[in-house]
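Each of the two chains sits in its own frame; use the hints to bring them together as a complex.
Protein chains in written order, with my numbering: chain E, 1 to 381; chain C, 382 to 527.
Any given hint could be a false lead.
[Claimed, not checked] Some, not all, of what chain E presents toward chain C, calculated at C-beta under 10 Å:
(1) 128
(2) 142
(3) 196
[Said to hold, decoys possible] Some chain E residues judged to face chain C by a derived CB distance under 7 Å, without partners named:
(4) 130
(5) 133
(6) 137
(7) 145
Treat the hints as calculated values from the structure; they're not laboratory data. Every residue, glycine too, gets a C-beta built ideally from N, C-alpha and C.
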Amino acid sequence: MRDRAAIVGIGQTEFAKDIGRPEQRIALEAISAALDDSGVGAHEVDGLVKFSLENTMEVDIARNLGMQNLRFFADVAYGGGAGCGAVGHAAMAVASGQAEVVVVWRARNRGSGGRPWAKKGNRAGGEMQWFLPFGLSRPVDQIAMLARRHMIEYGSTSEQLGAVAVAFREHAQQNPAALMHGRPMTLEDYLASRWISEPLRLFDCCLETDGALAVVVTSAERARDLRRPAALVRGYAQGTGSEHLVMANYFTRDPLDSPGHHAARDLWRNAGIGPDEIDSAQMYDAFTPLILISLEAFGFAKPGEGGPFAAEGNLRLGGALPTNTSGGGLSEAYVHGMNLILEGARQIRGDSVNQVAGCETVMVSSGNGVPTSALVLRKDT
Amino acid sequence: MSEQPRPKDAGRATAPRPIPDPDAASAPFWEAAARHELLVQRCAGCGEFRHPPRPMCPRCSSFEHTWERASGRARVWSWVVAHNPVLPAFADRVPYNVVVVELDEGVRMIGNLLDVPVDQISDGMKVVVDFEDVEDGVALPAWRCV
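Okay, chain C solo, but in the shape it has when bound (with noise of 0.2 Å):
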């Protein structure tokens, strides 16, 4: 990956970064992440995981459902690596990766792979799961390589 030239602001974030903004269905889940605990949402009824959280079960229609610790193993299946421009909450990161991993229980995330040089992430690759903490009282899930 070449290195690309820099424009003068940029390395300050000029911006917080943005945070999520839980809903009915996503509470648990980040309130979980604040207390870096990664949770997947599972029907009561079937049994299926799924990501991101709903109301619903769309394969039995239950509207019961659980929250499971996540083993926290997952696979790289994407990623990206992002260049100006780019929101000013994030100019101190250029270039920063985002990926999407597949966990061990079947759904997939977005996140970010920590401490990887961007030139070094590929398809498949092991990582477990870590956290940000990014406010009082918010974290977010991200990725390291085993």
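Next comes chain E alone, as it looks inside the complex (with noise of 0.2 Å):
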């Protein structure tokens, strides 16, 4: 499926805390304003991908925007580790004629929705029975055990951390749909804001967001016909190893071996190129060790060598990979990854308000605490 599929329309709405409008409202949205942006009728859309965490059904997406006839559907699982997946699901419906055009959206009110961690009952069934009854109750406590454990192993440090957390904020500040737009931050701030789970501080941790976003796919050749410079699904990948639970993986032999250390050696091999020729990447940041972790996984940094990669500087625009360009989920929107593929595909068409120069080759990871995804688009040269 190498290059035969591309992103061809991308659309959101703005982000907020709160939004103000219901999430399906808000999904539908995202997926006019992408239809829009790619010159594609929503009477030609004929396949959905979608989150498995998705509220609002194919059937609602398809009688609100009168699409005729669909004959693809399918939705990815894991969470924050399904954008990417989505995204493969739709180009490999259109590489197989599956369907020609597919849409992919997420649209979450998770900034005035409530926190799901917070609803849990008083039983704790499934893997929760394992970690929920110790009081290990949130996404930030879980990724914490793994970031305690990687600066036991390799010697990361807070300053790392906050080298991640400052890099994108310093993106937001270009970028006006960021939360954090406006908002500038220095390590020393980062440093003396207050612990949510040692040793993770509140600015590791992600932004609540409402908000929805989308993107079209369709076949390579019909792209060149469409008003948009084409991002082509250069390849795609999933992974997660032996031993996983969702989240709180740590009965794997070594569980720094994280599920995108196995999507990575498929990536690779899908796409036919290495980290080497990645020109700007944006990596799911739901929390700053996820970007240590990831860095490694996908071959950017050796191993443990992630901290010092990001203390480099080398995730800022004019470092050696400029990474989560928009401001990333931990300051433009926290969308499940959602708003990572949308700038990749900004970088590709070169409309990025951080712009990479002469960018023509983008990767795009999903969660990574998670069973996940990743993505590489090009350029159509």
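Now the structure itself:
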């Protein structure tokens, strides 16, 4: 399926702590915007792929937008791990001829809708029985446990995590859509922020956000006749290893051998290129340590060297690997990483607010604390 | 570790602590915990210990297993210190620790380290199992420094 499908349209709502409109409504707004951007009509859409956690159903998308004949629909599981996989499924459907135009979207009122972890009942079943009774209840706790281990094994530091947060905040200053636009942050500000789950602080955590985003995927041939430059899906992979639960992954032989390590092997094989050829990365950043682990997983840094890589300034514009150039989940918006996919497409199109000069190849990754996925997007040259 | 300002409702648990809801695979583990016994599932085919429990051995594909009484000896593998906002059930504990320990049997478990100041937890610290009775007929494995 290499280079056979492309992202040809992107659309989003504004991002807010409380957007004031229901998830279904903002899903429709984002999809409409993406279709308008692409120049493809809603009546031509014949496939939909969503996150399993999405609350809006395909039928409600179709009957509002007037989609005539949906012939492909699928969803991808594991929360924030799903995004690149959803685009990958859309690209596979197009490449295999199952569908011609597939929309992927995510609409989530996570800012105003409350914290999912705070809604757990008194009985902890399934995987939760192994962590919830002990008070390891929030995603931040579950990732902080891995962050501590990364510090123990490799000597990673708070300052290195801070370098991640500061770099993405810097990118958000150029992005009027970002929630943290106009709110610059220094490393000192980061270090002064309060503990949430030691070793993680407030500014290690992403932003609780309301918002929706969508992309339109169709064939590379059709893309050449459309109004926007195509972001070709060069390769995609999903991945998870043995012994994983969902997010409390401390039971594998080496828990720092993340789901992303598994996805990376297939991603580079499927794309036929390696990390050296990536001009910009958009990596899932629900929490800063996921960036250190993902830098290592995808081969941008050697094992244990994600921290120094970030601290040396490589994630910043002008660095070796400009990363999360719209501000990411930490400083633009946290919509399960869907905003990273749109920023990846913008970097290929050449219209990012933090455009990387000569950017031709981008890697996007999804949540790497959970079973995950990743994409390589490429300019059609 | 610096002390954080505590909100006014800190120090008061306003909800019951979540308790395990056992399933077919885990019921023997929790039944034993209620008796203050720590059991680990062991494959009857290849002898591999495994946790969390499950029906099948990922190594040799056997559906047969035994439950072995663990030595109760472990070492701290990692830990976090949770600060507000936390679940109301844990509000009386902040800041509180959650640890992952590695048992002598080779498996890891999540739990709490009892009676240790959060700034005195360290990697590789030797611990032994204890139990916290949280409700009638429900006890959670917990850990104490040797």
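Hints and how they fare:
Given hint, residue 128 (chain E) at the interface with chain C, holds; its Cβ is 8 Å from that chain's nearest Cβ, closer than 10 Å. With a cut of 10 Å, the hint placing residue 142 (chain E) at the interface with chain C holds, because the nearest CB-to-CB distance is about 9 Å. Hint on residue 196 (chain E) holds. Least Cβ distance to chain C is approximately 6 Å, under the 10 Å limit. The restraint placing residue 130 (chain E) at the interface with chain C holds, with a minimum CB-CB distance near 5 Å, inside the 7 Å limit.
A least Cβ separation of about 5 Å between residue 133 (chain E) and chain C falls short of the 7 Å threshold, and the interface hint therefore holds. For residue 137 (chain E), the interface hint holds, since its Cβ comes within 7 Å of a Cβ in chain C; the closest pair sits about 5 Å apart. Hint status for residue 145 (chain E): holds, given a least beta-carbon distance of 5 Å to chain C, under 7 Å.
Of the numbered hints stated above, none is contradicted by the structure.
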